[in-house]
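S.K.: 0 is the number of the first residue of the sequence shown in numbering that gives the first Met the number 0; add one for each residue after it.
For the record, the hints were derived by calculation from the structure and aren't laboratory data.
Each residue gets a CB set at the ideal place from its N, CA and C atoms; glycine is no exception.
Be a bit skeptical, because a hint or two may be false.
[Said to hold, decoys possible] Now the in silico label distances, taken between C-beta atoms and shown as ranges:
#  : residue 1 : residue 2 : range
1  : Ala130    : Asp188    : 49 to 57 Å
2  : Ala242    : Ala62     : 23 to 31 Å
3  : Arg216    : Ala12     : 37 to 45 Å
4  : Arg124    : Gly185    : 32 to 40 Å
5  : Ala27     : Ser198    : 37 to 45 Å
6  : Phe122    : His179    : 36 to 44 Å
7  : Ser135    : Thr103    : 21 to 29 Å
8  : Val251    : Arg201    : 40 to 48 Å
9  : Ala120    : Arg216    : 41 to 49 Å
10 : Val121    : Ile183    : 44 to 52 Å
11 : Gln8      : Ala224    : 16 to 24 Å
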Amino acid sequence: MPVGRTFRQRVLARELLVGTFLNLGSPAAAEVCAHAGLDWVLVDLEHGAGGDGELLGMLQAIAGSDATALVRVEQATRLRIGRALDLGAEGVMMPRVETAAEATEIATWLRYPPAGVRGVAVFTRGLAYGAGGHASVAPRNDELVGMFQIESRQAVDSASDIAAIDGVDVLFVGPADLSHALGIPGQIDHADYQAAVDSVGRAARDRGKAAGVLLWRPEDVDRYAALGYSFFSVSSEAALMQAAVRAEASDVRSRLA
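Using the sequences and the accompanying hints, generate a full structural model.
M.R.: Have a look at this one:
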């Protein structure tokens with residue numbers, strides 16, 4: 000990581016940042032991925048197997064690495080976002096944000112007063128259990144990353160207005176939800192899907208924000224990068240593990256056939 004630059008600064012500079020989703024609810028798996036040379040890892044509470052009981056352990060496991068720990072909450076509420084941040088997440092991903100009005104309210108939950116309405120509790124992991132006292136509170140507002148998912152036609156149409164909001168740092172496309180919402184489930188090569196992701200990338204770029212996407216195929220990164228995307232997820236640890244096991248087993252069987 001460049002000296003003196005926070006992860007959020009790297010995001011907004013549209014530096015190429017590569018990570019993965021953690022869906023197994025396993026601190027051990029989180030730790031393995033965090034030491035795999037990734038820029039970030041994201042604990043997925045929306046679709047993953049883990050919950051509050053696993054979240055703290057996973058964040059602690061990630062802390063010993065150079066990867067930044069992020070969390071996708073299962074629902075974008077003040078309570079869920081605050082909980083993830085209090086436990087030490089360096090950023091939160093919000094699923095299914097549809098309008099600028101929604102994003103405006105959500106952005107206030109990411110920040111402490113007076114910039115936002117996040118509840119202040121100094122003795123939390125997110126504030127090093129009070130080691131810096133109340134002086135450590137305000138600086139966190141400039142360090143935490145807000146990632147807002149674009150997963151519907153309405154969200155695509157609102158992308159520019161959403162990206163204009165202070166506190167929205169990343170517009171993140173969910174290919175599964177977006178393709179289904181467009182009536183072309185799983186068809187990420189379809190012209191309608193490509194037009195949508197182009198629109199999102201342009202909206203982020205024009206507003207000085209980052210655009211991100213979950214890559215279904217590594218070879219697609221060039222196409223997304225050409226559209227201005229810089230924040231990439233290489234699948235999930237569960238999918239990567241299954242693919243690796245399947246490939247290795249298939250290779251062994253083919254050699255003995």
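S.K.: So, against the hints stated earlier in the document, which numbers end up violated here?
M.R.: 3
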